[in-house]
Amino acid sequence: MSSLAAEFAGQDNEQEIEITQKGLRLVFISFSKIRQYAGHPFRLYTGERLSDMVESIRQNGILMPLIICRILDGGVYDDEMLSGHNRMNAGQIAGLDGAWCLIKEGLPDAEALMYVVETNMLQRSFSDLLPSEKAAVLALRYSEMFSQGKRNDILRELKALEGGGETCGSDFHRSNSRDTLGGDYDLTGRQVANYLRVNQLLDCLRLKLDARLTEYLP
Numbered sequence: 247m248s249s250l251a252a253e254f255a256g257q258d259n260e261q262e263i264e265i266t267q268k269g270l271r272l273v274f275i276s277f278s279k280i281r282q283y284a285g286h287p288f289r290l291y292t293g294e295r296l297s298d299m300v301e302s303i304r305q306n307g308i309l310m311p312l313i314i315c316r317i318l319d320g321g322v323y324d325d326e327m328l329s330g331h332n333r334m335n336a337g338q339i340a341g342l343d344g345a346w347c348l349i350k351e352g353l354p355d356a357e358a359l360m361y362v363v364e365t366n367m368l369q370r371s372f373s374d375l376l377p378s379e380k381a382a383v384l385a386l387r388y389s390e391m392f393s394q395g396k397r398n399d400i401l402r403e404l405k406a407l408e409g410g411g412e413t414c415g416s417d418f419h420r421s422n423s424r425d426t427l428g429g430d431y432d433l434t435g436r437q438v439a440n441y442l443r444v445n446q447l448l449d450c451l452r453l454k455l456d457a458r459l460t461e462y463l464p
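So for the sequence shown, the working numbering puts the first residue at 247; every next one is plus one.
If you're looking for bench data, these hints aren't it; they were derived computationally from the structure.
Be aware that one or more of the hints could be misleading.
[Said to hold, decoys possible] Simulated restraints on C-beta separations:
{"id": "1", "residue 1": "K279", "residue 2": "G429", "range": "40 to 48 Å"}
{"id": "2", "residue 1": "L455", "residue 2": "R295", "range": "18 to 26 Å"}
{"id": "3", "residue 1": "R458", "residue 2": "E264", "range": "40 to 48 Å"}
{"id": "4", "residue 1": "G352", "residue 2": "I263", "range": "19 to 27 Å"}
{"id": "5", "residue 1": "L455", "residue 2": "G352", "range": "31 to 39 Å"}
{"id": "6", "residue 1": "S423", "residue 2": "S278", "range": "39 to 47 Å"}
{"id": "7", "residue 1": "D432", "residue 2": "R458", "range": "18 to 26 Å"}
{"id": "8", "residue 1": "G429", "residue 2": "D324", "range": "36 to 44 Å"}
{"id": "9", "residue 1": "L447", "residue 2": "T292", "range": "19 to 27 Å"}
[As the list claims (entries may be wrong)] With a straight-line cut-off of 20 Å between C-alpha atoms, the simulated PhoX-like cross-links for lysine-lysine are:
{"id": "10", "residue 1": "K268", "residue 2": "K350"}
{"id": "11", "residue 1": "K350", "residue 2": "K405"}
{"id": "12", "residue 1": "K279", "residue 2": "K350"}
{"id": "13", "residue 1": "K405", "residue 2": "K268"}
{"id": "14", "residue 1": "K396", "residue 2": "K350"}
Just so we're clear, the structure is a prediction, and the values are computed from it rather than from any experiment.
Even glycine gets a Cβ: it sits at the ideal position worked out from N, Cα and C.
Working from the sequences, and respecting the hints, build out all of it.
Following this line, the structure appears as structure tokens:
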């Protein structure tokens, strides 16, 4: 357990309390005030993985702060989840009312999406993703809005949340070449192109594609 996480574990309060720790702004926010990221491309944990997370949270609390995008809308704050969908879901099942959150304000849409994708890819294997999830990852990293510098900034920030030191160098370098991008994921350029097309499908069609695959999974 990191020193930062240990300090927050097990704390709970209905009021919003703000602190600054290691240069990071953290606020305790009720789950009821946090809305899901619109069009979140990753499935929530289910089965044994969810059960294990629930049990861990019951014993230790939520050790890693959530990451929230705070938007001022008509004089009222709107808190949108960027990282922590599974922790919030498991925390609610475990009976918690809220969690410590890293607050980000004024994020461009492209940067917010980078938080969503990059934080999820730290926890998941690309090979285990559903087709729509792979398509979302590849579409972001192929797009002109992808910034390797910003990605490294995000990884350093996550390392600080975990209480670690400087993050190691990234093993991914953006390129507009589908062949180059595919090489990072053991895919051909044609396969990358197909995934990019999948990402442009309507939500209902992407869900059908995922459902067809899960029929054959153990």
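Going down the list of hints, with the structure as the test:
Here the CB-CB span from K279 to G429 is close to 43 Å, well matched to the stated 40 to 48 Å. A hinted range of 18 to 26 Å holds for the C-beta pair L455 and R295, which are about 22 Å apart. In this structure the hint that R458 and E264 lie 40 to 48 Å apart at CB holds, the actual value being about 46 Å. Roughly 22 Å separates the CB atoms of G352 and I263, a value that falls within the hinted 19 to 27 Å.
As the Cβ distance of L455 to G352 is approximately 35 Å, the hint placing it in 31 to 39 Å holds. Under the hint 39 to 47 Å, the C-beta atoms of S423 and S278, about 45 Å apart, fit the expected range. In this structure the hint that D432 and R458 lie 18 to 26 Å apart at CB holds, the actual value being about 22 Å. Distance hint check: the CB atoms of G429 and D324 are about 40 Å apart, consistent with the given range 36 to 44 Å.
The beta-carbon spacing between L447 and T292, approximately 23 Å, falls within the hinted interval of 19 to 27 Å. For the proposed pair K268 and K350, the alpha carbon gap of about 15 Å is at most 20 Å, so the pair holds. Between K350 and K405 the alpha-carbon distance is near 16 Å, which keeps this suggested pair within the 20 Å criterion. For the hint pairing K279 with K350, the CA-to-CA distance comes to about 15 Å; that is within 20 Å, so the pair holds.
Taking the CA atoms of K405 and K268, the gap is about 12 Å. The hint holds against a cut of 20 Å. About 14 Å separates the Cα atoms of K396 and K350, which keeps this hinted pair within 20 Å; it holds.
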